[in-house]
Amino acid sequence: MPMSDYDIIQGCLREDPQCQRLVFERYAGRLLTVCLRYARHPAEAEDILQEAFIKIFEHIGEFQFKGSFEGWMRRIVVNTALKLYQRKQFTQEQTPLDQAPDPGEDPQVYAQLGEEELLALIARLPDGYRVVFNLYAIEGFSHKEIGEMLGIQESTSRSQLAKARSFLQAQLKAIQRIAV
Amino acid sequence: MSQRHPIDDFFKSRLVGYDSGAPMSMWDKIEARQKRRRRLRQLGWLTGGLSLALLSIMAYQFASSASPASDSPLDAFPIRTTTTATDSVQSGNPAPQSGAPLDEATITLQHTTRNSSRLNTPLPTDQPVGSPAPPYYGTIAATTARTAPAVASFSATPSMPTPIAITDFDESYAPGGETTASTTAPQAPCPAPLTLEGWTAVEEAETINEPILEAAGVMPSVETQETSYPAPSQAADPSEYRLSGPHLRANMRALPQLPQVQPPSHLSKLPVWRPMTKPTACVNFRRQTWMWAIEALGGAAIAHPGFSLRDQELDGYLQKRKTTERERISYAAEIRALAALPFGLRVRAGVQYLQLNSRFQYENPDVLEIHIMPRVGPNGEVTGADTTYSPYLHNTANRYQWINVPLLAGYEGKCGKLRAGFMVGPVINLLFNAEGEMLAPETNQPNYFGQVGETQVLPAYRAKAGLSWYGAVSMAYHFNGRQSLIAEAFIQKSHRSLTTEAYALRHLPFVMGLQVGMRTAL
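Here the protein sequences come in this chain order: A and B. Those letters in the first sequence? Residues 621 to 800, by the working numbering. Those letters in the second sequence? Residues 516 to 1037, by the working numbering.
FYI, nobody ran anything at the bench for these hints, they're computed from the structure. Please note that a few of the clues may not be correct.
Some, not all, of what chain A presents toward chain B, calculated at C-beta under 7 Å [stated by the list, open to error]:
1) F644
2) A648
3) G649
4) R650
5) F673
6) I674
7) R707
8) E735
9) A757
10) L788
The C-beta atom is built at its ideal place from N, Cα and C for all residues, glycine as well.
Modelling step: build the complete structure from the supplied sequences, incorporating the hints.
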C-alpha cells in the first residue's frame, strides 16, 4: 500500500532518506515542468529543481497541511526560479520584438503540438517575458502581484505579457506553416 | 477581473500537471547535497560548542586567578610547618637585651587584621625551636591601644636556617612607628643576632580609621584581652629545622578571635566590596593544567586563485580571466587565545582578518592611449613631436575580504627559549566581501562584480565564504617572562567555491603567507 502524503511528510520531518526519495519520485517530474517553464535551458531547470528540493526538505516543517502539498512545493519551485532570475538579470537578454503578429488566431489549431514543444517555445522567450507569462498565464498571479514580486511597474508587467503572447503566437504560426 | 487570453488558457491546460520525468541521477545529486549540508550543520554545532567550552574554561580560569588565594593550595604544600623563633613577652614588657638568647627574644607587633581591627600582638612565649607550629600558640595579647609601647626586638642565632615568617603581610619598620620601607616576610636565612630597639613593625594593610570605628561602635572600648593557648611540650629537634614559607605564613595569619561585636545597623547594611584589594601574595605551588596566552599576528600573503570551470565549454573564458587578472600581495592579521594543555598540545581560537588583492587589467580595443613626445633640436628648440599610439590598459584593484573565526589544534615543543609547533583546523567565515571588476562570461566585457543580493553589479560571489582550512607551522622565541616573538608560516584553502552555482567558474583561493607577532602569557 502506497504511503500517503501525510506519512511521507512525517518521514521527511524525521529526515528519513527513504521518505525524501519518495517525495522526489512522486513529484519531481511535475515540478521539473515548472522549472522548464522558467529556465532558459534544461540544465538550468535541473539546477533550479535541485535547489528547490533542498529548500523543500529544509522547510518542510513549515507546511501546515492546509492546502495541497504539491501546490506548496510548486510555490517553492517558482520562488527559487524567480530568485535565480533576479540573480541573472545582469545577463538578461532584451530581445526586441518589432513585429507583433495578429493575435486573432484560435490556439486550438495548435493542439497537435506536444508539451515538449510548448515548453521549448516558452524557453525561447526572453527572460523577462517568460517570467511574466508564466506568472500571469499559468500561475495565475495578477499584474500587481507580479510587479511586487519582480520589482517592476504594473504597466511593465502588462506590456511584457502582451509581447510574450505575441511572440508565442508568432512562433506557433511559424510551426504551423512548416507543418503544412 | 482581467480577461483570460486564449493563448494563456492553451498553455495552462497543456502544461499544468504535465510530468517531464525527472532523471534519478538528479536525486543522487540532491542526496549528496543533503549529506553535505548535514555534515556542515554538525560541524557548525561542534565548532560552536567547542568555542563555547573554550570561552567558559577561559572565563573560569580568569575568575579563579582574580580571586584571593585560598588556603587549599597551601594546605597541599608538602613541607612540614615548623617554627624557629620563640618569644616571651607580653604587651608592655621591657625590651630584651641585644643578643639575647632566642627564647628570650621579643617581638611586639602592631597587627592589622583583614577585618580591620588593630592588635598589638606579641609572639608566643616558650615556643621551642623546631616544634611544629600550631595555628595558635603561646600567649597572645590583643589590645586596641594605639599608644602601645613602640618596642620591637628581634633576635635569632646565626645557626638558624631561617626566621619564622611572621605574617603574610608586608611590613615596614621605622623609629617611632613610622613607616619607611616595605619588606616582605623574610624567607632567607636569618643574619646575625639583630636588635631593633625603639622600632615598631607595622603592617601595611587595609585599615579603617579606628576613631571612626570606635565612634561607630564597631571597635570595642575594651583595652586589653588576653587569650592563652597551650604551649607545645615537645623539645626541639634540630633535624627538623626546615625552611618556612607561605605555608607557615598562612598558619599565622589567623589571629585570636575578638569579642563578637555587632556593628550598628546602618553600617551592617553597607555592602562589603573591595575591588582594589590586593590578594594575598602567596605562590601557587600546584601545577596548573591549563595555561593561557594571547597571540597577535600580522603579515603578508599571496594567493593562487584556483579557478576551475563549471561548464567545460567555457574554457576560453577561463583562459581570458586568467590572463586579465594578476595576484598581488595580500594581508592577514589575527588575534587569538591560546590554551596550552599538557604534553605540548595547543588549542587556539580567535578572529582573523584576511584580504586578498588582485589586479584586473584589460586592454580596451575601443580606446587608444596617445603619447606625444616633443622632438628637440640641437639648440634646444622644439622641432616637432613624436606621437605613439598604444592600447589603453584598464586597471582595477580587486579585493576579497574575510573576517573569520579560526579554531585550531596543534602541538608545540620547546628547546631552550625556542618553541616550534604546528596547528591545523577549520576557519569559519563570519563576514565576506568581494568587489572589483572582471570579464563577464556572457559578453567577455569588463563588468563590476559583487555578491548575491547586490544590484548594478554581477552578483557572481556568495554572501558568505563558508569554511576554510588552515594549517601553519610556527616558531616562537621566549624573550622574557611572559612575552614571546612568533613567526608563523600558514596556508589557507577555501572548502567551497566563493562563486555561486550560477556563475561559470569556481573560485577556490589557496593562500600562503607569513605572519609575525607577539604572544603574551596571561
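Okay, the hints, checked on the actual structure:
| no. | hint | in the structure |
| --- | --- | --- |
| 1 | F644 | holds (5 Å) |
| 2 | A648 | holds (4 Å) |
| 3 | G649 | holds (4 Å) |
| 4 | R650 | holds (5 Å) |
| 5 | F673 | holds (5 Å) |
| 6 | I674 | holds (6 Å) |
| 7 | R707 | holds (6 Å) |
| 8 | E735 | holds (5 Å) |
| 9 | A757 | holds (4 Å) |
| 10 | L788 | holds (6 Å) |
Hint check: no violations occur; every hint is consistent with the structure.
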